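Undergrad: Chains A and B, in that order, are what the protein sequence lines are.
Just so you know, we're using our numbering here: the first sequence kicks off at 1 and counts up by one.
Just so you know, we're using our numbering here: the second sequence kicks off at 1001 and counts up by one.
Note that these hints are calculated values from the structure, not bench results.
Being a predicted model, the structure only gives us computed values, none of them experimental.
Think of the CB as a built atom: it goes at the ideal place given N, C-alpha and C, for glycine as much as any other residue.
The reader is advised that the hints may include incorrect statements.
[Claimed, not checked] If you want a taste of the chain A side facing chain B, the calculated C-beta under 10 Å gives, among others:
id, residue
1, Glu-98
2, Thr-100
3, Pro-109
4, Leu-281
[Claimed, not checked] With a straight-line cut-off of 27 Å between C-alpha atoms, the simulated DSSO-like cross-links for lysine-lysine are:
id, chain 1, residue 1, chain 2, residue 2
5, B, Lys-1057, A, Lys-14
6, B, Lys-1176, A, Lys-83
7, A, Lys-14, A, Lys-63
8, B, Lys-1179, A, Lys-63
9, A, Lys-162, A, Lys-138
10, A, Lys-124, A, Lys-63
11, A, Lys-77, B, Lys-1198
12, A, Lys-162, A, Lys-195
13, B, Lys-1179, A, Lys-138
14, A, Lys-124, B, Lys-1179
15, A, Lys-84, A, Lys-188
16, A, Lys-77, A, Lys-63
17, B, Lys-1060, A, Lys-140
18, A, Lys-84, B, Lys-1179
19, B, Lys-1060, A, Lys-14
20, B, Lys-1179, A, Lys-188
21, A, Lys-138, A, Lys-178
22, B, Lys-1060, B, Lys-1240
23, B, Lys-1060, A, Lys-83
24, A, Lys-124, A, Lys-138
25, A, Lys-162, B, Lys-1198
26, B, Lys-1179, A, Lys-140
27, A, Lys-178, A, Lys-251
28, A, Lys-58, B, Lys-1176
29, A, Lys-14, B, Lys-1240
30, A, Lys-75, B, Lys-1060
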Amino acid sequence: MSITIEHLDHIYDKGTPYETKALDDVSLTIETGEFIGIIGHTGSGKSTLIQHLNGLIKPSSGKIVVNDFDITAEKVKMTDVRKKVGLVFQYPEYQLFEETVARDIAFGPENLGLDAKTVEAHVKEAMALVGLDYETMKDKSPFELSGGQKRRVAIAGVLAMKPDVLILDEPTAGLDPKGRDEILMQIKQLHRKNKNTVILVSHSMEDVGKLADRLFVMNKGQLALSGTPLEVFRESEFLESIGLGVPQIVKLSEALIKKGIAIEKEIVTVEDAKQELLRLLGSK
Amino acid sequence: MLRDITIGQYYPVESAIHRLDPRIKISISFLYLISLFIVKDIRVFGLVTLFLLMIIKMSKVPVNYILRGLKPIFLIIIFAFVINLFMTPGDSIFHYGIFNITIQGVYQAVFMVLRLVYLIVGTSLLTLTTSPIALTDGIEHLLTPFKKIGLPAHELAMMMTIALRFIPTLLEETDKIMKAQMARGADFESGNIFNRAKALVPLLVPLFISAFRRADELAMAMEARCYRGGENRTRMKVLKYEKRDVLAGLVFGLYVALIVGLRFIM
Ligand SMILES: Nc1ncnc2c1ncn2[C@@H]1O[C@H](COP(=O)(O)OP(=O)(O)O)[C@@H](O)[C@H]1O
Ligand SMILES: [Mg+2]
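Next up, chain B with everything else stripped away, as it sits in the complex (with noise of 0.2 Å):
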């Protein structure tokens, strides 16, 4: 059940992206999510499919394992599909009561699901080929030209490898307690909301117990090894642009430069 979250999970195949540097994933993943929002016309999410599509296929990641991803945001995307359904003014082609259909808004709802999958689907691609070690790598990386206005790059990256590290740890420390209330009769299904809310006490205080001292005995190991953050810390596996990674850097300029584009075509 929790085990089904596959958002920020790594999948573990050998596949032409998987071997893409870190840096130029993350990069790409950043202005394809601002390209999602150059979008104005649906008809350009064809092309935007194509090319979640080919990479799909590149990356070896099976698609029903990338869409059960979009299972935990699925209330939301009902969401937001029924408020733009609704909630658009224009030419009514259904009506009952206060409720109110325009063309203008199945568009609408069509297209802000559209986008929210695709929001969803290419971030999660970013970590399921990236391993959580790469990814930091890589966010490091970027991130260290701002270290001279102060930024902390690499306490940063770190924080956020930890986080990735402890997701499914987290979430398998969940499915544990969870099963353990069970067996003591605890209900986490029936009831109402006020009711749900109180049985989630007896899963939530182990959880945040376990939490606070797994931090604590990870502080503590990292202390032994006499971590002390970034300064004069050497890489096993130092960061190199490759000729796949230019191409790959060139073939989402193409796909860039159709996107806007079209947005000044159409």
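So that you can see chain A by itself, here it is in the shape it has in the complex (with noise of 0.2 Å):
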């Protein structure tokens, strides 16, 4: 699934005096299977901008084709669109509503109108995805879980559609490290097992310099910078002077080869580091 963004305006609450301008022409295009981070400032407009991309909010001007599929014209099913983009909303946890966890995240999939046992199977698959256990969870209350555990169930919902998109919105907000590092886990190795598209929200330049193929950087609603991490975190002046600055692990190895220490190899996550700091130590 591409999907292409041609030159995207959204004004929230137009004609009144709370109108804000949350995006401002934006352009870009994702590939298929790629891993994409969208990273910026609170406030900058990510999720404005990834609601879009199923439909939820329509553009103030603009379009936007997903696999040579403009969904911004007039009269598309907004229910065949968001059948194949999947969304992880911010804070998921917050729509949680049935009694069981299987039932919970069986919602998505039967409104897919897919039969019972397929709805089950996508079920546990999607628990399994985010590492719950299907027999141990599948009858317990969403409500008695714990943060962490709350947002995989919410997680797994929409896993549980098959969405050949997945639109994640800081799925680990408020999360602790622990928990924020396994989810992170689990969303990069289902993109190596399913080779399917998935864009990741963050403002954490190390969640996604670590994950993603290529980074899009937003702005006060504009798309200030793109391209792979290493291409990203070499602007790190501009990066601190919109308030998002690059990982501890790139700043170090900025400081090392000021001080003059030979670092060859551009370093974008922490094993980079490690293995160039080994290389250096071998060859001395």
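Build the complex: two chains, separate frames, hints provided.
TA: Here is the structure:
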């Protein structure tokens, strides 16, 4: 599923004193199977941008094409779009409502009109993907779970619809470091396995830098920067100026280079740095 | 969609109406509502219209913004119109099967719709031009005399502020949960009444849970700051009547006098 956005504008509450221009002339292309990171300061328009991708909000102007299919055109069946583009909202645990975990996760696939057997299979699979044990968890009330578990249930609720494009809006916000790493790892594994398109929204450079093939940096409703993590992290001064900064490990390697240490490889993740430093130490 | 509801919302601009003392605005709004029921002749609504237009002009709130506030009660207005149109006995001007429209019906229908619309417009003008804090302050002051007979004026006012304060929050929340469920394939727009009611469950359950959670958190936060009701509380901004408040009172007095006078003349 490729996605093309052309000159997208979005203005909230147009014609009232609360009018906000949330997106300003955003154009970008996402190829099938890419792992995309969207990053930006709070209020930079990330959530607004991704809600356009499955037709939850309509652009004020501009065009969005998903798989050669113009979803901004009149009379498009939004249910068809939402089948293909799954969106996990920020703090998705607040949308849980069913009596049991399994039934909550089944809500999405049931709405797609799948039969009971297929739904159950999808639910099982989705729960396994987010690391929830089907047998012990399926009959629990979602409301008696811990915050991290609720989050997993909610994410599974979208995964169970098997979307071609998976969008996650700050899936790790408010989780402890362990829960955060686990969820990010599961998303990465899912992407490796299914080769579907994943769009991860975050305001943590560390998280997206590690995972994404390509980054889009949003600032004040505009697409400020895009490229591979390496390309983006080269603009560390610009990133700092819009309140983002680069991962600490990138900063460290920059500082080492300034000190005259011959780091040759460009560093994005801690793993990169580890190998490079070991190489340097070994060569001495 | 849901954010279009403007009843009870504050429209933050600087204007002569915004600056008026909340007590005078609340009193005027209250008496204005009564005045609408004194009107018996449709022509007198001309005067009410003039009066309202004058206030709207002075308040700098765009007319279409105010009219948007009518959207949620649009159905009620239509209903009132239709009922009065068909149910009023009198001289028939149109007859078809069981449908019978009388000249009195037309008059009555227009009359009722005008009254309803002016009721809503008048009250929304109060909240549009008065910040929730000022509004509560005003209500509390006006209710103070009733404290003697055991009316918890401060608590009532506080409850009202909180309710007003949370309308936008809850609407925002509804919007968010609705979108989240729509992303999971929920359909709030089609199907028969029964199906639609069922479709609301995934919306209402999370909404209630979140409302209770918010109430709990708010109570905790207030307690943590030692809130314990109106006793011995002082204010940062003490309400004081100004010349403009007296002037507003006089203008409104003239309006009431005209309305009452016209009722006896017409
Ligand atoms: N439903 C909404 N109604 C009005 N304004 C909104 C709404 N959602 C977001 N905004 C505004 O749009 C801007 C972008 O918000 P958002 O897309 O949520 O940013 P991010 O997800 O990057 O934090 C902000 O200024 C925000 O206040
Ligand atoms: Mg956001």
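Undergrad: So, for every hint listed, does it hold in this structure?
TA: Here is what the structure says about each hint:
1. The beta carbon of Glu-98 (chain A) comes within 8 Å of a beta carbon in chain B, closer than 10 Å, and the hint placing it at the interface holds.
2. With a cut of 10 Å, the hint placing Thr-100 (chain A) at the interface with chain B is violated, because the nearest CB-to-CB distance is about 13 Å.
3. The interface hint given for Pro-109 (chain A) is met, as the beta carbon of that residue sits about 8 Å from the closest beta carbon of chain B, less than 10 Å.
4. Hint on Leu-281 (chain A) is violated. Least Cβ distance to chain B is approximately 49 Å, over the 10 Å limit.
5. With a C-alpha separation of about 21 Å, the suggested pairing of Lys-1057 (chain B) with Lys-14 (chain A) holds against the 27 Å cut-off.
6. Between Lys-1176 (chain B) and Lys-83 (chain A), the direct Cα distance comes to roughly 19 Å. Compliance with the 27 Å bound is thereby established for this hinted pair.
7. With a C-alpha separation of about 19 Å, the suggested pairing of Lys-14 (chain A) with Lys-63 (chain A) holds against the 27 Å cut-off.
8. Restraint check: the Cα-Cα separation between Lys-1179 (chain B) and Lys-63 (chain A) comes to about 21 Å, which is no more than 27 Å; the hinted pair holds.
9. Restraint check for Lys-162 (chain A) and Lys-138 (chain A): the C-alpha separation of about 19 Å stays at or below 27 Å, so the hint holds.
10. Only pairs whose Cα atoms come within 27 Å are accepted, and Lys-124 (chain A) paired with Lys-63 (chain A) is rejected, the gap being roughly 37 Å.
11. Distance hint between Lys-77 (chain A) and Lys-1198 (chain B) is fulfilled; the C-alpha atoms sit about 22 Å from each other, no more than 27 Å.
12. Restraint check for Lys-162 (chain A) and Lys-195 (chain A): satisfied, since their Cα atoms lie roughly 12 Å apart, inside the 27 Å limit.
13. Of the pairs offered as hints, the one joining Lys-1179 (chain B) and Lys-138 (chain A) holds, with about 25 Å between alpha carbons and a cut-off of 27 Å not exceeded.
14. The straight-line distance between the Cα atoms of Lys-124 (chain A) and Lys-1179 (chain B) is roughly 25 Å, inside the 27 Å bound, and the hint therefore holds.
15. Of the supplied pair hints, the one linking Lys-84 (chain A) and Lys-188 (chain A) holds, its CA atoms being roughly 19 Å apart against a limit of 27 Å.
16. With a C-alpha separation of about 16 Å, the suggested pair Lys-77 (chain A) and Lys-63 (chain A) falls inside the 27 Å cut-off, and the hint holds.
17. Between the alpha carbons of Lys-1060 (chain B) and Lys-140 (chain A) the distance comes to roughly 55 Å, so the proposed pair goes past 27 Å and is violated.
18. Pair hint Lys-84 (chain A) plus Lys-1179 (chain B) holds up; C-alpha atoms about 16 Å apart against a cutoff of 27 Å.
19. A distance of roughly 17 Å separates the Cα atoms of Lys-1060 (chain B) and Lys-14 (chain A); the hinted pair therefore holds under the 27 Å criterion.
20. In summary, the hint linking Lys-1179 (chain B) to Lys-188 (chain A) is supported, as the alpha carbons are separated by about 26 Å, within the 27 Å threshold.
21. Note on Lys-138 (chain A) and Lys-178 (chain A): the hinted pairing holds, with a Cα-Cα distance of about 23 Å set against a maximum of 27 Å.
22. For the suggested pair Lys-1060 (chain B) and Lys-1240 (chain B), the alpha carbons sit about 23 Å apart, so the restraint of at most 27 Å is met.
23. Restraint check for Lys-1060 (chain B) and Lys-83 (chain A): the C-alpha separation of about 46 Å exceeds 27 Å, so the hint is violated.
24. A distance of roughly 9 Å separates the Cα atoms of Lys-124 (chain A) and Lys-138 (chain A); the hinted pair therefore holds under the 27 Å criterion.
25. This hinted pair checks out: Lys-162 (chain A) and Lys-1198 (chain B) have alpha carbons roughly 25 Å apart, not beyond 27 Å.
26. With a CA separation close to 25 Å, the supplied pair Lys-1179 (chain B) and Lys-140 (chain A) stays within the 27 Å bound.
27. Using a Cα cut-off of 27 Å, the hinted pair Lys-178 (chain A) and Lys-251 (chain A) holds, with the two alpha carbons roughly 23 Å apart.
28. Distance hint between Lys-58 (chain A) and Lys-1176 (chain B) is fulfilled; the C-alpha atoms sit about 15 Å from each other, no more than 27 Å.
29. Annotation: proposed proximity of Lys-14 (chain A) to Lys-1240 (chain B) is violated, straight-line Cα distance about 36 Å (limit 27 Å).
30. The straight-line distance between the Cα atoms of Lys-75 (chain A) and Lys-1060 (chain B) is roughly 38 Å, outside the 27 Å bound, and the hint therefore fails.
In this structure, the earlier hints numbered 2, 4, 10, 17, 23, 29, 30 are contradicted, and the remaining ones agree with it.
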